[in-house]
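Can you make the complete structure from the sequences, with help from the hints?
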Amino acid sequence: MKNSGYYSQFGGAFIPEILVPTFDELETAYLEAKDDPKFWQEYLELMSTYSCRATPITRLDNLTEQLGGASIYVKREDLNHTGAHKANNVMGQGLLTKRMGKTRVIAETGAGQHGVATATMAAKFGFDCTIYMGAHDVARQRPNVFWMEQMGAEVIAVTEGSQTLKDAINEAFRDWVTNMDNTHYALGTACGPHPFPEMVSWFQSVIGTEAREQMLERTGKLPNKVYACVGGGSNAMGIFSGFMDDTEVELVGVEAGGRGRGTGEHAARLAYDDATIGVAQGYKTFFLQNRDGQMQDTHSVSAGLDYVGVSPILSHLHETTRVRFEAATDDDVVAAMQRTVRHEGLIPALESSHAFAQAYAEAPKMSKDETILINMSGRADKDIFTVADAIDDPKWREFIIDKAKSYQVGENQ
Amino acid sequence: MSHYPTKLEASIKAAREKKDLLLMTHIVLGYPNFDDSLRVVEDMVEAGVDLMELQIPFSEPMADGPVILKANSEALKAGATVEKSFEVAERITQEFDIPFLFMTYYNILFCAGVNEFVERCERIGIQGCIVPDLPPAEGQDYLDAMEKHKLAPVHIFTPNTPEPRMRFLNDNSAGFIYSVARKGVTGKNTAFSQETSDYLATCKASTDLPLAVGFGVKSKADVDFLRGKADIAVVGSETIRVMEAQGVAGVKPFIKTLVA
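Protein chains in written order, with our numbering: chain A, -3 to 409; chain B, 1357 to 1616.
A couple of the hints might just be wrong.
As the list claims (entries may be wrong) - When the alpha-carbon atoms are kept at most 20 Å apart in a straight line, the in silico DMTMM-like pairs for lysine to aspartate or glutamate are as follows:
1) 1539(B) <-> 1551(B)
2) 1426(B) <-> 28(A)
3) 30(A) <-> 206(A)
4) 217(A) <-> 20(A)
5) 1539(B) <-> 177(A)
6) 1426(B) <-> 288(A)
7) 98(A) <-> 20(A)
8) 1574(B) <-> 1594(B)
9) 1544(B) <-> 177(A)
10) 1544(B) <-> 1600(B)
11) 1612(B) <-> 1398(B)
12) 1426(B) <-> 20(A)
13) 1440(B) <-> 288(A)
14) 1433(B) <-> 288(A)
15) 1433(B) <-> 1392(B)
16) 1433(B) <-> 293(A)
17) 1539(B) <-> 21(A)
18) 1544(B) <-> 1580(B)
19) 1433(B) <-> 261(A)
20) 98(A) <-> 28(A)
21) 1504(B) <-> 1527(B)
22) 1363(B) <-> 1373(B)
23) 98(A) <-> 171(A)
24) 1506(B) <-> 1478(B)
25) 1560(B) <-> 1578(B)
26) 1374(B) <-> 1402(B)
27) 1440(B) <-> 1398(B)
28) 1539(B) <-> 20(A)
29) 1544(B) <-> 171(A)
30) 1539(B) <-> 171(A)
Don't read these hints as lab results, they were simulated from the structure.
Owing to the predicted nature of the structure, the values given are computational and were not obtained by experimental measurement.
Following this line, the structure appears as structure tokens:
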């Protein structure tokens, strides 16, 4: 094993000895793929024929006018197959899995988007597939679980710990240490041991590469600010990477503020002061943990941002101040989502709505000749139950009650 | 490769003069509570255990299977802290005359401060540490601190570990080498076979330290299988299982069946 994968003091590979050869194999396969122009060509071909690349950018005409400041553009990752940027990473890792000759993939999932994307990839490539999902998340994301199972994946509800994303990651690792010979762990975000943060960011860089060109083409200049929500950080790494060297472009990562600063019920690792540096899940970064180093419970209205750690690359970019980190509260997020739906007809996922909330707060303070770009990392179909609850929609409630009744009397097969 | 001398290696070698196979057990400190931890240690020592791993609970025990995982989270729920773990470990090392090691995950050391953690281990009479998520390449500070205090950093051999890597791990270890009998996490069954024997022969040839074997060792037959192939048999999850099924009182008779 090479002692690599550090971004200043963050990153590394803190892995059980049994996985050392597996990580060596993965790193070798990744570096070879990266050096092979045919691999990236195959990847782009796959993404343009199976998913929806290049995804467009959309100008929010109505909200730009309403907010009266910067021109607002949105990168439409919601138009990927399976409805989120997760497909970019998963399809890339699928090609890599084939290259390594493995026949089974496993993955963790929070909101279920990465699980659905992995199940899709497994169905397409003919891999066996097991998805680990916190029991708490299984309960709030049933529609995604339904599709994963339809696609032939086994979904295992993880009842350990806080029953969310971090616990699903631990379980996936426990599977991997047993089955590494035929199994690839398609980690869903730019976290975990090296080379995952770098590799996932590489696959997601397709977002930023496209977006930069598209903004230049559409507006004749680079955006002043780029916004992305940050859970593990893969969609943010993806869009930011396109503008990393354009130092005049401000990069803004928006974390889950949950019930707000000082409540202890949030998942803001970098924007608030509650997180400290630690080592868990195989890598070193800022974690929401107590003084002993025990991970704390996190909270967010969006399952996909509800995570104790954050990409080591983003921790590094936080320290160098290249990326500014903010947090949006649950209430602001739901409001921003409703506003986007009502006035633009776009349906951003609750995760992505964090980026929208922060952008809407800052756009009015900017001048009309400035532009901003929001990464719409996914769409909200999966969130329909959560959102309907959050806005307390009476007709939805009635629908569910009627639906439940019809199941109870067996009218519906 | 010569290793710096440790009390742990010396006492293992001295004990091996009298016995052909030593027995090491594992408990999670604070599970189900610290009083029971003390009682279990007492019973284990009386039943003839030769050395023990004391696990400081961690919220993300990635390398542990269901039994130890649950013990970790229950201990934390019951209020276990690193401070209390050290306090109880100190009482244990003072009362019982066998070597004790800490087993825990790297974040516990990292948050305590690696030097402070290791220094305190020495002060309270802990003789070595097993940190399963800290490969030598990430753990130079830890290795330096352990050497400075003449404590044993124990590393792990696995069936996937190539021989050159085994020699590298051996060079970075002291005390003994912990070899896992199979892939996977703690607490699942292991089929002890000819393949296991061949693997253990490779392990033995790759280290000049005593060899411990664990993962799936849970009966007298498993322990007997290891006789002549290893220096130490490690029984981990099974004693916790016995404690859960029969209470603390069940542990001593169980250990006695292993060493009978």
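Legend entry - Restraint check for residue 1433(B) with residue 293(A), where alpha carbons must lie at most 20 Å apart: Within the cut-off at roughly 13 Å; holds.
Inset, instruction - Decide if the proposed pair is consistent with the structure: residue 1426(B) and residue 20(A), CA atoms, cutoff 20 Å inclusive. - result: At roughly 31 Å apart (the allowed maximum being 20 Å), residue 20(A) and residue 1426(B) break the hint.
Legend entry - Given pair status - residue 1398(B), residue 1440(B), alpha carbons within 20 Å: Roughly 18 Å between the alpha carbons, so the hint for residue 1440(B) and residue 1398(B) holds.
Legend entry - Given pair status - residue 20(A), residue 217(A), alpha carbons within 20 Å: violated, 42 Å
Inset, instruction - Please work out if residue 1363(B) and residue 1373(B) have their alpha carbons no farther apart than 20 Å. - result: Holds. Residue 1363(B) to residue 1373(B) sits at ~16 Å (cutoff 20 Å).
Inset, instruction - Below or equal to 20 Å on CA atoms is what counts here, so check residue 1504(B) against residue 1527(B). - result: The given pair, whose Cα atoms are some 16 Å apart, holds under the 20 Å limit.
Legend entry - Holds or violated: residue 1374(B) to residue 1402(B), with C-alpha atoms at most 20 Å apart: holds, 17 Å
Legend entry - 20 Å limit on alpha-carbon distance, applied to hinted pair residue 1426(B) and residue 288(A): Status holds; Cα separation ~19 Å.
Legend entry - 20 Å Cα cutoff - pair residue 1539(B), residue 21(A): This hinted pair holds, its Cα atoms lying about 17 Å apart.
Legend entry - Agreement of residue 98(A) and residue 28(A) with the hint, judged by alpha carbon distance not exceeding 20 Å: holds, 16 Å
Inset, instruction - Could you grab the alpha-carbon distance between residue 1612(B) and residue 1398(B) and see if it respects the 20 Å cut-off? - result: OK: residue 1612(B) and residue 1398(B) at ~13 Å, within 20 Å.
Legend entry - Restraint status (C-alpha distance of residue 1433(B) to residue 288(A) at most 20 Å): Status holds; Cα separation ~14 Å.
Against the hints set out earlier in the document, violations occur for numbers 2, 4, 12.
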